[in-house]
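> One-letter residues, chain by chain:
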Amino acid sequence: MDRLGLPLVWTGTLLLTLAYGFALVPGDPPPWSSVALAWGTGALLAGLLFLGATRAEGLATPVALLFVGIGLWVAGGLSILLAVPGLDAADAPLFLGLPRRAAFLLLGVGVAPGLVVPVAYGVLFERHALGSDDLERLRRVAREVADEVAMAPYGGEVTDEATTARPGGSLTPEAREARSADGGSP
Amino acid sequence: MTLPVQEAMVPPHARPTVIGVAAIYLLVVAGIAVWASRTTRTPDDFFLAGKGIGLLALTFAALASTFSSFTFLGGPSLLYLVGLGAMMFVLPATLTNALSAWVLAKRLRLIAEVRPVLTLPDVVGLRYGSRLAQGLCAVAILLGVVGYMATQVAGLGVLLDAVFQTGYGWGIWIGTGVVLAYAVAGGIKAGIYTDLAQGALMAVASALVFLYVLDVGDGMAGLSRTILAAEPEFLSPWGSYTPLAAVSLYFVFSVGVLGQPHVMHKFFMIKEPLRLRWYPLLVTVAMVTVILIMFGIGVAVKAMVLDGTLPAVVDPDNVAPLFLIERTPVILAAVVFSGIAAAVMSSVDSFVNVGAAALTHDLPVALGRPIQDELRWGRIATVALAVSAALTAWLSNALVVFLGIFGYGLFASTLVPVLALGLNWKRATRAGAVASLGAGLVTTLGLELLALMGVFSLPAGVTAAALAMVVSFLAFLGVSSLTHDGQTDELERDLQLALTL
Numbered sequence: 001m002d003r004l005g006l007p008l009v010w011t012g013t014l015l016l017t018l019a020y021g022f023a024l025v026p027g028d029p030p031p032w033s034s035v036a037l038a039w040g041t042g043a044l045l046a047g048l049l050f051l052g053a054t055r056a057e058g059l060a061t062p063v064a065l066l067f068v069g070i071g072l073w074v075a076g077g078l079s080i081l082l083a084v085p086g087l088d089a090a091d092a093p094l095f096l097g098l099p100r101r102a103a104f105l106l107l108g109v110g111v112a113p114g115l116v117v118p119v120a121y122g123v124l125f126e127r128h129a130l131g132s133d134d135l136e137r138l139r140r141v142a143r144e145v146a147d148e149v150a151m152a153p154y155g156g157e158v159t160d161e162a163t164t165a166r167p168g169g170s171l172t173p174e175a176r177e178a179r180s181a182d183g184g185s186p
Numbered sequence: 187m188t189l190p191v192q193e194a195m196v197p198p199h200a201r202p203t204v205i206g207v208a209a210i211y212l213l214v215v216a217g218i219a220v221w222a223s224r225t226t227r228t229p230d231d232f233f234l235a236g237k238g239i240g241l242l243a244l245t246f247a248a249l250a251s252t253f254s255s256f257t258f259l260g261g262p263s264l265l266y267l268v269g270l271g272a273m274m275f276v277l278p279a280t281l282t283n284a285l286s287a288w289v290l291a292k293r294l295r296l297i298a299e300v301r302p303v304l305t306l307p308d309v310v311g312l313r314y315g316s317r318l319a320q321g322l323c324a325v326a327i328l329l330g331v332v333g334y335m336a337t338q339v340a341g342l343g344v345l346l347d348a349v350f351q352t353g354y355g356w357g358i359w360i361g362t363g364v365v366l367a368y369a370v371a372g373g374i375k376a377g378i379y380t381d382l383a384q385g386a387l388m389a390v391a392s393a394l395v396f397l398y399v400l401d402v403g404d405g406m407a408g409l410s411r412t413i414l415a416a417e418p419e420f421l422s423p424w425g426s427y428t429p430l431a432a433v434s435l436y437f438v439f440s441v442g443v444l445g446q447p448h449v450m451h452k453f454f455m456i457k458e459p460l461r462l463r464w465y466p467l468l469v470t471v472a473m474v475t476v477i478l479i480m481f482g483i484g485v486a487v488k489a490m491v492l493d494g495t496l497p498a499v500v501d502p503d504n505v506a507p508l509f510l511i512e513r514t515p516v517i518l519a520a521v522v523f524s525g526i527a528a529a530v531m532s533s534v535d536s537f538v539n540v541g542a543a544a545l546t547h548d549l550p551v552a553l554g555r556p557i558q559d560e561l562r563w564g565r566i567a568t569v570a571l572a573v574s575a576a577l578t579a580w581l582s583n584a585l586v587v588f589l590g591i592f593g594y595g596l597f598a599s600t601l602v603p604v605l606a607l608g609l610n611w612k613r614a615t616r617a618g619a620v621a622s623l624g625a626g627l628v629t630t631l632g633l634e635l636l637a638l639m640g641v642f643s644l645p646a647g648v649t650a651a652a653l654a655m656v657v658s659f660l661a662f663l664g665v666s667s668l669t670h671d672g673q674t675d676e677l678e679r680d681l682q683l684a685l686t687l
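Chains A and B, in that order, are what the protein sequence lines are.
Read in this note's numbering, the first sequence has 61 at position 61, and its numbers run on one by one without any break.
Read in this note's numbering, the second sequence has 475 at position 289, and its numbers run on one by one without any break.
Hints in this document: simulated from the structure, not taken from any laboratory.
All figures in this text were calculated on a predicted structure; none of them were measured in a lab.
Fair warning: there could be bad hints in the mix.
[Unchecked claim] Estimated spans, in silico, between C-beta atoms of each pair:
1. B:His670 - A:Leu96: 28 to 38 angstroms
2. A:Ile80 - B:Val390: 54 to 64 angstroms
3. A:Leu115 - B:Asp404: 24 to 34 angstroms
4. B:Ala393 - A:Arg140: 50 to 60 angstroms
5. A:Arg139 - B:Arg227: 23 to 33 angstroms
6. B:Gly408 - A:Leu18: 37 to 47 angstroms
7. A:Gly76 - B:Gly632: 51 to 61 angstroms
[As the list claims (entries may be wrong)] Below, in silico cross-link-like pairs of lysine to any residue (SDA-like), each with a Cα-Cα straight-line distance of 20 angstroms or less:
8. B:Lys457 - A:Glu126
9. B:Lys457 - A:Ala56
10. B:Lys612 - B:Val665
11. B:Lys612 - A:Ser132
12. B:Lys612 - A:Thr11
13. B:Lys612 - A:Arg55
14. B:Lys457 - A:Arg3
15. B:Lys612 - A:Arg3
16. B:Lys457 - A:Trp10
17. B:Lys237 - A:Arg3
18. B:Lys457 - A:Leu135
19. B:Lys457 - A:Phe125
20. B:Lys612 - B:Leu687
21. B:Lys612 - A:Leu6
22. B:Lys457 - A:Pro7
23. B:Lys457 - A:Gly122
24. B:Lys612 - A:Pro7
25. B:Lys612 - A:Trp10
Where a beta carbon is used, it is the ideal one built from N, C-alpha and C, also for glycine.
Please model the entire structure based on the sequences and the hints provided.
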């Protein structure tokens with residue numbers, strides 16, 4: 001499931017291309033171009049989430065299901081609204097003071113994922129995003145790299161194209177301190 | 187009945203209260219500026235607040251710099267004019283904070299943990315090993331920043347003129363002067379902590395105003411009944427927008443947020459990466475609270491105009507001030523007016539800092555000639571950029587409108603693929619990044635320039651930002667798939683780990 005990210009990004013981008021492509025043709029855009037736009041947006045959002053959350057060891061099933069749910073919720077919600085056109089009558093039933101479709105847009109497509117997804121992020125964070133062990137591991141590897149750099153020529157500056165002439169090529173003050181503390185060259 | 191802006195915004199009896207609240211606000215800002223200037227000693231302090239901010243500061247800084255005067259002034263006006271469709275500008279905000287947290291926040295902060303990056307172009311240069319990509323990124327940021335700042339500064343001029351009757355020109359220069367006073371002295375550190383005060387002010391004021399909205403007529407149901415009886419299209423999901431236009435806005439403002447440098451840049455600054463855990467929840471709650479003011483005022487004024495409680499609003503800029511003056515206590519109206527100025531200034535200070543970094547750090551590095559004293563030159567660039575934006579706003583309204591249009595779109599079309607895909611997809615290549623950045627720049631600028639010259643305009647519902655973003659994604663995905671440079675494998679172990687944790 002952790003390999004779904006890129007196919008979803010491709011699918012979303014192609015659906016968006018199709019939607020805008022037909023919208024650019026003279027005349028009224030076909031009604032399905034808005035639906036393609038909704039599903040393209042949902043697929044792209046889900047794909048980006050998949051890619052962003054996938055770690056070296058893969059992507060946990062609960063996280064993957066959450067992202068599939070987000071994509072379906074956004075695309076499906078917008079599609080439902082697109083499928084039910086027309087205007088509400090003056091005595092139309094209200095939900096929390098709003099006509100049903102307006103309430104569905106604001107509370108369903110808008111607020112609901114805004115409550116669920118950030119809470120899910122907080123709950124899943126330690127195990128599936130960044131744990132204290134992960135951070136310690138990164139800091140340890142950074143110290144090791146700092147030591148290797150200290151032994152490199154040219155005063156410890158890395159010289160490959162990726163890192164010269166930019167601060168990314170030098171060490172962070174923390175890394176320098178760590179290097180000194182570990183007995184590395186100043 | 188026409189209501190001139192100056193008269194509607196602040197009637198004479200309310201002026202002393204408004205001026206008093208503004209004075210208190212300025213004192214708070216001045217205090218923060220003095221403190222921040224004393225603790226700003228390095229480029230890291232000036233551009234990244236010393237990478238030492240906490241979760242609350244990050245939350246409110248992100249809130250304040252995301253929401254400009256649009257949410258308080260332009261948003262209610264637009265909603266009053268087009269109906270519920272206007273909510274598509276802000277509705278994605280409920281999802282985008284979690285999106286940016288999953289996709290970029292951790293990656294950016296972890297890269298800052300192992301490398302002394304100052305800016306997003308630094309990260310791009312590092313990831314792709316390409317000064318060209320870093321330079322293109324900086325050019326896109328610089329162009330977008332100037333555009334955004336000019337519109338914000340112009341808005342500040344209008345607001346200060348309307349509230350304090352300074353005159354538009356003086357309003358621009360006074361507002362710019364206030365922002366410069368703290369942005370030059372304390373850099374982003376002053377910006378972050380004024381944003382903390384400004385963001386909290388915005389959230390509290392919005393919640394209170396919404397309570398007064400619910401007090402109109404019979405609450406939300408009463409407002410809906412009034413509107414449905416006279417103008418049902420207003421409360422239909424897209425308002426007077428076409429479905430294509432409305433859904434297109436959702437696409438641009440959901441995915442596009444991943445390319446907004448003034449917000450993404452703040453992820454470098456949080457002291458402890460593990461504190462990102464509850465960032466999406468806190469900032470989403472704060473944003474939804476602030477959005478209430480846009481929705482509430484827009485709907486309430488529409489209902490009040492339809493039932494004759496208020497006269498028809500001829501100048502849409504009057505929608506929010508009219509409600510505040512008519513329906514809320516003067517002290518709350520005064521706080522909101524200060525909140526609007528605060529929102530504008532917090533956006534300007536974020537943009538000017540990001541722009542100064544692009545000018546004094548990213549472009550010189552991309553050209554292979556990094557400058558030595560980045561702190562001093564950062565301060566000089568801050569003044570230069572702010573004065574340029576003020577001059578643009580002062581001299582040419584047409585240019586302000588043009589620049590303002592493409593700011594968001596330019597950021598989205600150039601930065602989203604190189605960051606959101608590039609930091610999370612191992613096969614992304616340097617050629618893909620350069621192609622995507624170039625495609626985004628050329629498409630956005632080309633389409634906007636052609637529209638400005640009247641040569642070509644896009645059909646209703648299709649925006650240059652949306653098209654350029656799709657073109658940029660296609661370029662990134664297509665070129666990266668066709669090329670292979672093994673760039674990710676060449677990265678040092680700690681960077682590789684930061685990209686895969």
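> Hint by hint, work out which the structure violates, then give me just those numbers in ascending order.
Going through the list in order, the structure violates hints 1, 2, 4, 7, 9, 11, 14, 16, 17, 22 and respects the others.
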